[in-house]
Amino acid sequence: MLLSRLVELLGGALQGEDREISGASTLDEALVNDITFLANLKYREAVKDTKAGAIIVQDALDLPISQIITENAYLYFARVLHLIYPEKPIRPGISKFAYVHPQAQVHQDACIMTHVYVGAHARISPSTVVYPGCFIGDSAAVGEHTILYPNVVIYDGCTIGAHCIIHAGVIIGSDGFGFAWDGKQHVKVPQKGIVIIGDHVEIGSNCTIDRAALTSTRIGSDVKMDNLVQIGHNVVVGDHTIIVAQTGISGSARIGTGVVLAGQCGVAGHITIGDGVTAAGRTGIATDIPAGKVISGFPAMDHKHWLRVQNVYKDLPELLKRVRELERKVKDLVKD
Amino acid sequence: MLLSRLVELLGGALQGEDREISGASTLDEALVNDITFLANLKYREAVKDTKAGAIIVQDALDLPISQIITENAYLYFARVLHLIYPEKPIRPGISKFAYVHPQAQVHQDACIMTHVYVGAHARISPSTVVYPGCFIGDSAAVGEHTILYPNVVIYDGCTIGAHCIIHAGVIIGSDGFGFAWDGKQHVKVPQKGIVIIGDHVEIGSNCTIDRAALTSTRIGSDVKMDNLVQIGHNVVVGDHTIIVAQTGISGSARIGTGVVLAGQCGVAGHITIGDGVTAAGRTGIATDIPAGKVISGFPAMDHKHWLRVQNVYKDLPELLKRVRELERKVKDLVKD
Amino acid sequence: MLLSRLVELLGGALQGEDREISGASTLDEALVNDITFLANLKYREAVKDTKAGAIIVQDALDLPISQIITENAYLYFARVLHLIYPEKPIRPGISKFAYVHPQAQVHQDACIMTHVYVGAHARISPSTVVYPGCFIGDSAAVGEHTILYPNVVIYDGCTIGAHCIIHAGVIIGSDGFGFAWDGKQHVKVPQKGIVIIGDHVEIGSNCTIDRAALTSTRIGSDVKMDNLVQIGHNVVVGDHTIIVAQTGISGSARIGTGVVLAGQCGVAGHITIGDGVTAAGRTGIATDIPAGKVISGFPAMDHKHWLRVQNVYKDLPELLKRVRELERKVKDLVKD
Numbered sequence: 001m002l003l004s005r006l007v008e009l010l011g012g013a014l015q016g017e018d019r020e021i022s023g024a025s026t027l028d029e030a031l032v033n034d035i036t037f038l039a040n041l042k043y044r045e046a047v048k049d050t051k052a053g054a055i056i057v058q059d060a061l062d063l064p065i066s067q068i069i070t071e072n073a074y075l076y077f078a079r080v081l082h083l084i085y086p087e088k089p090i091r092p093g094i095s096k097f098a099y100v101h102p103q104a105q106v107h108q109d110a111c112i113m114t115h116v117y118v119g120a121h122a123r124i125s126p127s128t129v130v131y132p133g134c135f136i137g138d139s140a141a142v143g144e145h146t147i148l149y150p151n152v153v154i155y156d157g158c159t160i161g162a163h164c165i166i167h168a169g170v171i172i173g174s175d176g177f178g179f180a181w182d183g184k185q186h187v188k189v190p191q192k193g194i195v196i197i198g199d200h201v202e203i204g205s206n207c208t209i210d211r212a213a214l215t216s217t218r219i220g221s222d223v224k225m226d227n228l229v230q231i232g233h234n235v236v237v238g239d240h241t242i243i244v245a246q247t248g249i250s251g252s253a254r255i256g257t258g259v260v261l262a263g264q265c266g267v268a269g270h271i272t273i274g275d276g277v278t279a280a281g282r283t284g285i286a287t288d289i290p291a292g293k294v295i296s297g298f299p300a301m302d303h304k305h306w307l308r309v310q311n312v313y314k315d316l317p318e319l320l321k322r323v324r325e326l327e328r329k330v331k332d333l334v335k336d
Numbered sequence: 001m002l003l004s005r006l007v008e009l010l011g012g013a014l015q016g017e018d019r020e021i022s023g024a025s026t027l028d029e030a031l032v033n034d035i036t037f038l039a040n041l042k043y044r045e046a047v048k049d050t051k052a053g054a055i056i057v058q059d060a061l062d063l064p065i066s067q068i069i070t071e072n073a074y075l076y077f078a079r080v081l082h083l084i085y086p087e088k089p090i091r092p093g094i095s096k097f098a099y100v101h102p103q104a105q106v107h108q109d110a111c112i113m114t115h116v117y118v119g120a121h122a123r124i125s126p127s128t129v130v131y132p133g134c135f136i137g138d139s140a141a142v143g144e145h146t147i148l149y150p151n152v153v154i155y156d157g158c159t160i161g162a163h164c165i166i167h168a169g170v171i172i173g174s175d176g177f178g179f180a181w182d183g184k185q186h187v188k189v190p191q192k193g194i195v196i197i198g199d200h201v202e203i204g205s206n207c208t209i210d211r212a213a214l215t216s217t218r219i220g221s222d223v224k225m226d227n228l229v230q231i232g233h234n235v236v237v238g239d240h241t242i243i244v245a246q247t248g249i250s251g252s253a254r255i256g257t258g259v260v261l262a263g264q265c266g267v268a269g270h271i272t273i274g275d276g277v278t279a280a281g282r283t284g285i286a287t288d289i290p291a292g293k294v295i296s297g298f299p300a301m302d303h304k305h306w307l308r309v310q311n312v313y314k315d316l317p318e319l320l321k322r323v324r325e326l327e328r329k330v331k332d333l334v335k336d
Numbered sequence: 001m002l003l004s005r006l007v008e009l010l011g012g013a014l015q016g017e018d019r020e021i022s023g024a025s026t027l028d029e030a031l032v033n034d035i036t037f038l039a040n041l042k043y044r045e046a047v048k049d050t051k052a053g054a055i056i057v058q059d060a061l062d063l064p065i066s067q068i069i070t071e072n073a074y075l076y077f078a079r080v081l082h083l084i085y086p087e088k089p090i091r092p093g094i095s096k097f098a099y100v101h102p103q104a105q106v107h108q109d110a111c112i113m114t115h116v117y118v119g120a121h122a123r124i125s126p127s128t129v130v131y132p133g134c135f136i137g138d139s140a141a142v143g144e145h146t147i148l149y150p151n152v153v154i155y156d157g158c159t160i161g162a163h164c165i166i167h168a169g170v171i172i173g174s175d176g177f178g179f180a181w182d183g184k185q186h187v188k189v190p191q192k193g194i195v196i197i198g199d200h201v202e203i204g205s206n207c208t209i210d211r212a213a214l215t216s217t218r219i220g221s222d223v224k225m226d227n228l229v230q231i232g233h234n235v236v237v238g239d240h241t242i243i244v245a246q247t248g249i250s251g252s253a254r255i256g257t258g259v260v261l262a263g264q265c266g267v268a269g270h271i272t273i274g275d276g277v278t279a280a281g282r283t284g285i286a287t288d289i290p291a292g293k294v295i296s297g298f299p300a301m302d303h304k305h306w307l308r309v310q311n312v313y314k315d316l317p318e319l320l321k322r323v324r325e326l327e328r329k330v331k332d333l334v335k336d
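Residue numbers (my numbering), protein chains in the order written: chain A, 1 to 336; chain B, 1 to 336; chain C, 1 to 336.
In short, the hints are calculated from the structure, not lab data.
Fair warning: there could be bad hints in the mix.
The list makes no distinction among identical chains, and a pair is therefore deemed to hold if it is satisfied within one copy or across any two copies.
To be verified - List time: in silico BS3-like cross-link candidates among lysine-lysine, alpha-carbon distance up to 27 Å:
(1) Lys314 <-> Lys329
(2) Lys192 <-> Lys88
(3) Lys42 <-> Lys304
(4) Lys335 <-> Lys192
(5) Lys48 <-> Lys304
(6) Lys304 <-> Lys335
(7) Lys321 <-> Lys335
(8) Lys188 <-> Lys42
Small disclaimer: the values here were computed from a predicted structure and weren't measured.
Let's have the full structure, built from the sequences with the hints guiding it.
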């Protein structure tokens with residue numbers, strides 16, 4: 001594909017020679033027919049040595065390499081990848097190694113691969129791909145153009161929207177964690193609700209999302225979840241929210257829209273995180289957080305304040321020494 | 001079901017009109033034929049607006065709604081749910097899409113669904129349900145009335161008690177993490193033990209429980225484990241213990257009975273946690289903890305002390321300022 | 001097997017009676033025909049009560065029990081276990097319940113069990129065992145003498161070396177977590193790279209290892225990973241590195257050789273951890289760490305310094321009290 005054709009389709013300004021590119025790679029590994037990009041300035045030095053035939057940048061480089069100049073190089077590069085590398089074609093049909101309940105509704109344009117189980121009254125929409133080993137429970141539903149990678153489990157009654165990507169080993173709709181103590185043992189609180197997942201959602205490998213006790217656990221549209229994330233029962237996650245790996249959200253928490261929870265965060269139950277909140281990695285959130293805040297630490301606090309706290313924290317032995325020194329001097333002064 | 005019938009079966013006192021209820025839901029979502037409950041006082045305000053036909057409470061409400069008054073509304077509600085919503089019936093038999101080794105013993109009243117593997121000398125008890133994609137290794141055993149949800153893996157020789165619920169993707173009996181360095185590379189310490197799980201245990205999705213090196217990893221009866229919990233080799237967990245999501249317990253730790261480990265806790269290897277200990281979310285436990293303690297933080301400390309520590313911690317920049325001010329003043333005093 | 005035969009094969013010095021042993025166990029549970037070992041001095045007291053027929057030790061015991069004296073008792077014991085307990089024999093062949101694509105290459109000495117899927121152009125080497133429910137994607141490859149336990153998923157194009165052990169539920173090659181915001185929604189950055197895993201690697205249950213965006217996520221040889229570990233896209237892990245349970249490594253981080261990351265650590269993206277670094281449990285690593293450092297805490301610091309910091313931290317309320325007392329005294333002094 002010619003660089004001029006990319007600019008025609010995606011915008012941006014071409015600087016330098018128009019040329020054919022056939023692949024895309026990193027600064028380090030790109031070859032002469034590849035296009036690359038510079039977004040993280042940490043990698044600026046690598047630009048001089050790249051063998052790439054073209055580069056996508058935000059600011060024109062003073063180098064003899066073909067450049068596409070655009071506002072957001074990473075976004076532009078993502079779009080180039082979608083153009084260069086087509087998606088795997090879908091082969092519709094039901095594998096003879098799969099089990100589909102006679103009362104399930106599987107659209108003829110869906111692809112059901114080997115060792116899949118589709119329960120009674122389950123609905124699989126057109127252009128949906130269900131990889132081997134998936135389990136779709138009774139009355140569960142999967143929207144169109146959604147991909148379920150191998151060994152995804154969707155418990156009875158849960159629904160997944162359209163254009164979603166659910167990675168391998170994800171469990172949707174297992175029982176929420178609810179028990180009442182009767183004085184001798186735990187009595188299970190039956191979990192009779194469901195999970196409802198919006199459109200354009202991506203869920204990373206081996207995540208777990210519990211069904212609600214009575215109503216529904218809801219994941220909004222355009223939510224992106226990394227691997228090994230835990231979502232408790234009755235949680236509501238707003239649209240466009242990003243949840244990074246190994247974060248856990250306790251039952252009945254409400255997460256706003258456009259929130260970012262970085263890796264290994266924890267959110268307590270029954271609290272509300274406002275729209276647009278950003279939590280740095282490992283933040284432990286135990287109370288409501290107003291919209292728009294940037295937070296860190298445990299307990300969660302304003303990120304800038306936390307940086308100052310950490311600065312003192314790491315020098316605590318020094319602070320103790322200063323207090324001891326003061327005590328010695330004051331003792332002397334009092335004696336005088 | 002009439003409210004008076006519930007009171008007959010489960011106790012409590014009926015206040016207001018006796019009426020028929022056919023479902024159960026939350027304060028917010030209950031309709032006129034539903035029963036609801038109030039246990040968390042955070043939701044007290046929602047009572048006025050509920051459309052529920054009846055409510056389970058601990059203290060009588062001054063409202064014109066039918067009420068069942070009982071000591072523990074949550075426990076009572078759990079019991080009502082068990083009465084109103086019957087469990088899914090078991091359809092005994094072995095799917096023709098399953099593989100059962102000729103030397104396995106599967107009771108005729110068990111249900112073995114599609115794409116299940118049952119190894120040699122494995123034993124599956126009556127009224128046990130094995131969902132699609134499960135693997136039951138050689139000589140493994142599953143007790144009666146136990147449910148294995150899809151894609152559960154039980155390695156060779158491990159045993160699960162009766163009336164357990166094992167959620168999807170749980171791995172029981174994978175090798176403990178043991179290696180010895182020979183100067184050039186790691187030599188695997190073969191893991192020859194097993195895992196033994198008691199009765200009435202519930203294990204959440206995608207948990208991992210490792211087999212012992214030589215003896216057995218043991219999970220007591222009535223233990224309840226949330227999702228994504230990790231249990232190392234040789235660990236012993238006492239009866240009635242609760243382990244919340246994403247907690248990890250290192251090898252050879254001993255956890256007492258009736259312990260509560262909240263979400264994202266970590267327990268170091270070879271330590272003992274006494275009976276009835278409660279650890280708040282994210283507690284990092286590196287030393288033995290005596291019975292009955294309530295702990296928090298990392299390193300774990302008495303919970304109330306930790307609250308005081310956190311109170312000073314979050315104001316460390318202010319404390320530093322005060323020390324600087326003292327230093328300035330003392331310097332002046334010394335000069336005088 | 002005679003103790004003298006063990007010494008002949010593995011070295012060490014026999015002290016006391018030569019005798020036949022047929023099993024191996026812990027100090028507590030060993031019987032008269034078992035050999036045991038003492039490596040962790042915490043268990044020294046249990047030696048007096050052991051019923052074992054022989055013990056492997058580093059320093060001769062003044063007890064009337066047969067002893068093998070060696071430099072590293074744990075390593076020696078590991079080797080004894082390999083001798084006493086032979087591995088499960090491999091039964092080559094492809095289950096009729098498995099699906100193997102006509103263009104896959106499965107060696108005739110490999111064992112493909114039930115409900116396995118092997119994609120087009122995938123390559124399975126001799127003496128490799130693929131347990132039930134595994135998925136081997138198109139053009140993926142698995143080296144010889146490697147074991148894939150049940151429900152392992154290897155996405156298209158990823159490669160596993162020889163003599164590896166991949167435990168149940170591991171997901172290798174799911175999409176890295178990359179999105180670009182276009183002002184209205186997240187645009188997926190297609191993940192076109194692969195995962196390459198070396199030889200003699202062991203990966204614990206339910207770990208997740210993401211494919212690179214463009215190039216490869218690389219796990220070196222002799223790497224040992226515990227359960228529920230998360231490895232982001234483009235990460236490089238050096239040979240012999242140990243990663244304990246529930247640790248997460250963010251995208252594009254580079255981990256050296258011989259590194260130890262204990263349980264529940266977190267590593268930020270795009271940073272470098274030098275060779276031989278050891279991080280204690282729960283360390284949060286946000287910046288480059290030079291080779292050889294021993295670190296703890298969050299943010300990560302020198303381990304010994306962290307111990308001192310924690311010592312002050314846990315007494316912060318006391319420190320605050322001392323500062324208040326100083327303020328009171330200094331106020332009095334200033335007044336005078």
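Taking the hints in turn, this is what the structure says about them:
{"no.": "1", "hint": "Lys314 <-> Lys329", "result": "both (25 Å within a copy, 25 Å between copies)"}
{"no.": "2", "hint": "Lys192 <-> Lys88", "result": "between (37 Å within a copy, 12 Å between copies)"}
{"no.": "3", "hint": "Lys42 <-> Lys304", "result": "within (23 Å within a copy, 31 Å between copies)"}
{"no.": "4", "hint": "Lys335 <-> Lys192", "result": "neither (73 Å within a copy, 70 Å between copies)"}
{"no.": "5", "hint": "Lys48 <-> Lys304", "result": "neither (35 Å within a copy, 42 Å between copies)"}
{"no.": "6", "hint": "Lys304 <-> Lys335", "result": "neither (42 Å within a copy, 37 Å between copies)"}
{"no.": "7", "hint": "Lys321 <-> Lys335", "result": "both (21 Å within a copy, 21 Å between copies)"}
{"no.": "8", "hint": "Lys188 <-> Lys42", "result": "between (52 Å within a copy, 22 Å between copies)"}
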